[in-house]
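Trainee: Take a look at the letters that make up each chain.
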Amino acid sequence: MRRIESHIDTNAADYKANFAAMSERLKEFHARQHAARFERPQRDIDRLARQNKLGVRERLKLLLDPGTPFLEFSTLAACREYDGAVPGAAVVTGIGIVQGREVAIHANDASVKGGAWYPHTVKKIVRLLDVALENHLPVVHICDSAGGFLPLQHGVFPDRYLGGRVFRNQVKLSQANIPQIAIVGGHCTAGGAYVPTLSDYNIIIEGTGAIFLGGPPLVKAATGEEVGVQELGGAVMHTSVSGTGDYRAATEQHAFALAREIVSQWKRMPKTIIETAAHEEPYYDPKELYGIIPKDRKTQFDMREVLARIVDGSRFHEYQPDYGTTMICGFAHIWGYKVGILANNGVLFNDSSLKAAHFMQLCNQNRTPLVFFQNITGYMVGREYEERGIAKDGAKMLMAQGGSVVPKFTVIANASYGAGNYGMCGRAWDARTLFMWPQAEIGVMGADQAANTMADVKIRQLEREGKQLTEVEIAAIRDPVLEKFRRDVEAYTSTSELWDDGILDPADTRNALGMSISAALNAPIDDPHYGIFRL
Amino acid sequence: MRRIFMIASHEAECWLTHDGSRFVLNMPDGAVPCQLDPTGAPGAHVLRTGGRAHELRLAVGSESTFIHLNGRTFEVGRVDPDDRLAGRQGAAGGDRLLAPMPGVVVSVAVKPGDTVTEGQPLLVIESMKLETTLTAPRDGVVAEMPFTAGDSFGLKAVLAQLTPQEE
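The listed protein sequences correspond, in order, to chains V and S. Using this note's numbering, the letters of the first sequence map in sequence onto residues -6 to 528. Using this note's numbering, the letters of the second sequence map in sequence onto residues 5 to 171.
Calculated directly from the structure, the hints in this document are not laboratory data. Cβ atoms here follow ideal geometry from the backbone N, Cα and C, with glycine treated the same way. Careful: at least some of the hints might be erroneous.
[To be verified] These stretches of chain V come out as covered by chain S in the derived footprint (C-beta under 8 Å, 3 or more residues):
1. 33 to 47
2. 65 to 72
3. 93 to 105
[Claimed, not checked] From the structure, some residues in chain V lie toward chain S, with a derived Cβ separation under 8 Å:
4. R(-5)
5. E273
6. G375
7. E379
8. Q442
9. F526
[What the hints assert, rightly or not] Listed next, with one range per pair, are the computed distances between beta-carbon atoms:
10. V:A28 to S:C18: 31 to 39 Å
11. S:A57 to V:K20: 57 to 65 Å
12. S:S156 to V:L455: 23 to 31 Å
13. S:A57 to V:T61: 40 to 48 Å
14. V:K20 to S:T121: 34 to 42 Å
15. V:D344 to S:D87: 21 to 29 Å
16. S:E67 to V:E199: 43 to 51 Å
17. S:E67 to V:Y523: 34 to 42 Å
18. S:R6 to V:H23: 47 to 55 Å
19. V:E(-2) to S:S156: 52 to 60 Å
20. S:P150 to V:D76: 54 to 62 Å
21. V:G77 to S:P150: 38 to 46 Å
This is chain V alone, in the form it adopts within the complex:
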């Protein structure tokens, strides 16, 4: 496979300006990520110490194989909700390695509001269990939660993808013969009691862990019975009387040692075999991505330069290099795994859509996972293109993409606008993992277009009422809308709402993809089949 020949001049003024702008963004991003992971008010740290509990990060250290990567999802979930007071949505999720096996991890963060489930917490847990289901990953639950956050009960409880879905997914996992283990290192109350009880194995830590449908205050209110935590649902009672708990652990350390031993007993399922090559680092330095991604979102750049800093050996076999050139398609390897790459080099036209559809069929036929690199402002509009059937060709692309049976992975590298987001495997299209770069934008349309559209509607409405607006009045209508839209399309909004699995430092993209692909191969790949292509 040939190496991509880079045309980037690392001494050029543009490159340096881009590099400086991205470095600045990343400084902010890493600071925010660090804060979400580690910075807590002293009273919360003191409370955990008083309760004789370890923090969630220490627990992960005890669980995971030392020196192995942990692919954490949505570290900045809920960063724009609840006045920023619920970092990470009070839960840590990700894919890690336990006794050499890839597992999905769901760990409550009791240093945030006692690990209470907020609406975004539920969304994050459900997403993690979806990841486990799609990729056939065993699950380790680390339970330590105050329960649903009552003031927002309607946001955590009743709907299809809310609280009940956590337990429903646990049932589906079990049905699919995917093992689960729960370590109870705090209270599992009400619905939360089903996390350990629906797991194949559970361990309760003596003194701190407890499981009950109703805690002592609720019991007293309901029946008048006065009972302590340990008698009601402690480790001793459950492991010797009720059989609700399997193992009693003397300490946190003991609990995680037991958990690791249990994980190592599980039958190891063979992974799906795809084409591989010897692992090779990219020839070009991934950090050069900082200088390649333009500081202005609107500026066009060559996605081949990006691919050259992500794929093994910077080698790329480009498919149909001279046809539909705004859509780059081709084969490469990431962490040795062969993948089919679709990357935008401009607007999607008829030919580029057809090329993408055809290429995805090739990859499905060949059981080659797909990786999408989005920088898409949409499918081309205008009379010429409608007459050529741009909507029909876009539909073909969606049919091939949505009908793909191979695992798909998406990186929103820059713009992700309109139907282009759909064609390029946006969130609704079941990418196994979907990550965003910090400067990327996502929306139905660009902030400027949206603000202009909305302001125009308003202005015309006022004009019909006979009002003539001055420039100042128009600006007064337009500017607040623009400001709101600019914020709404930012990656931080997306990641706060869990429309992605997290923001990535571009230089980490290769490893995040490698780990995602490796995890995806735990599930089998179906035979290709599609719906009807509008020809």
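Following the hints, put chain S in place on chain V, whose structure we already have.
Mentor: Structure of chain S alone, referenced to chain V:
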């Protein structure tokens, strides 16, 4: 296809076969039976060929292999046949820059009479929320820049014209 190696800036085509009992290195000017065995020390091997044994050390990289033999180091580079045989991509550029899609001109960087070099930015266009810089397809002299900033244009409109090249 035969493998292509680059040894001391010469291309050598060779391939390895096995005749059932030993390896044979085939080269355009003949075939040589040979055997390569590791000695256990890092990179150290013994090469047996033509009735003689040579001690050598190998360091294998992604692009080439280094061989230390008789006090000298040889670099054997692997040549990607696709790279070698494809030739130069894209013939010399034409005289005209055509609009890849309808849009609006954002800025124009050159004027008629200017001398430009291949890859030099000529103008920036905006379409579908994207700003694209269009560059000179070859070295030459600008004959015409039909649009100015703010003008809109249709698909395949001529955005820049270079003076025809003399033969």
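Trainee: Each hint needs a verdict: does it hold in this structure or not?
Mentor: Verification of the hints:
no.: 1; hint: 33 to 47; in the structure: violated (count 0)
no.: 2; hint: 65 to 72; in the structure: violated (count 0)
no.: 3; hint: 93 to 105; in the structure: violated (count 0)
no.: 4; hint: R(-5); in the structure: holds (5 Å)
no.: 5; hint: E273; in the structure: holds (6 Å)
no.: 6; hint: G375; in the structure: holds (6 Å)
no.: 7; hint: E379; in the structure: violated (13 Å)
no.: 8; hint: Q442; in the structure: holds (7 Å)
no.: 9; hint: F526; in the structure: violated (25 Å)
no.: 10; hint: V:A28 to S:C18: 31 to 39 Å; in the structure: violated (59 Å)
no.: 11; hint: S:A57 to V:K20: 57 to 65 Å; in the structure: holds (59 Å)
no.: 12; hint: S:S156 to V:L455: 23 to 31 Å; in the structure: holds (28 Å)
no.: 13; hint: S:A57 to V:T61: 40 to 48 Å; in the structure: holds (44 Å)
no.: 14; hint: V:K20 to S:T121: 34 to 42 Å; in the structure: holds (37 Å)
no.: 15; hint: V:D344 to S:D87: 21 to 29 Å; in the structure: holds (27 Å)
no.: 16; hint: S:E67 to V:E199: 43 to 51 Å; in the structure: violated (59 Å)
no.: 17; hint: S:E67 to V:Y523: 34 to 42 Å; in the structure: holds (41 Å)
no.: 18; hint: S:R6 to V:H23: 47 to 55 Å; in the structure: holds (50 Å)
no.: 19; hint: V:E(-2) to S:S156: 52 to 60 Å; in the structure: violated (35 Å)
no.: 20; hint: S:P150 to V:D76: 54 to 62 Å; in the structure: holds (55 Å)
no.: 21; hint: V:G77 to S:P150: 38 to 46 Å; in the structure: violated (53 Å)
The structure shown violates the earlier hints numbered 1, 2, 3, 7, 9, 10, 16, 19, 21.
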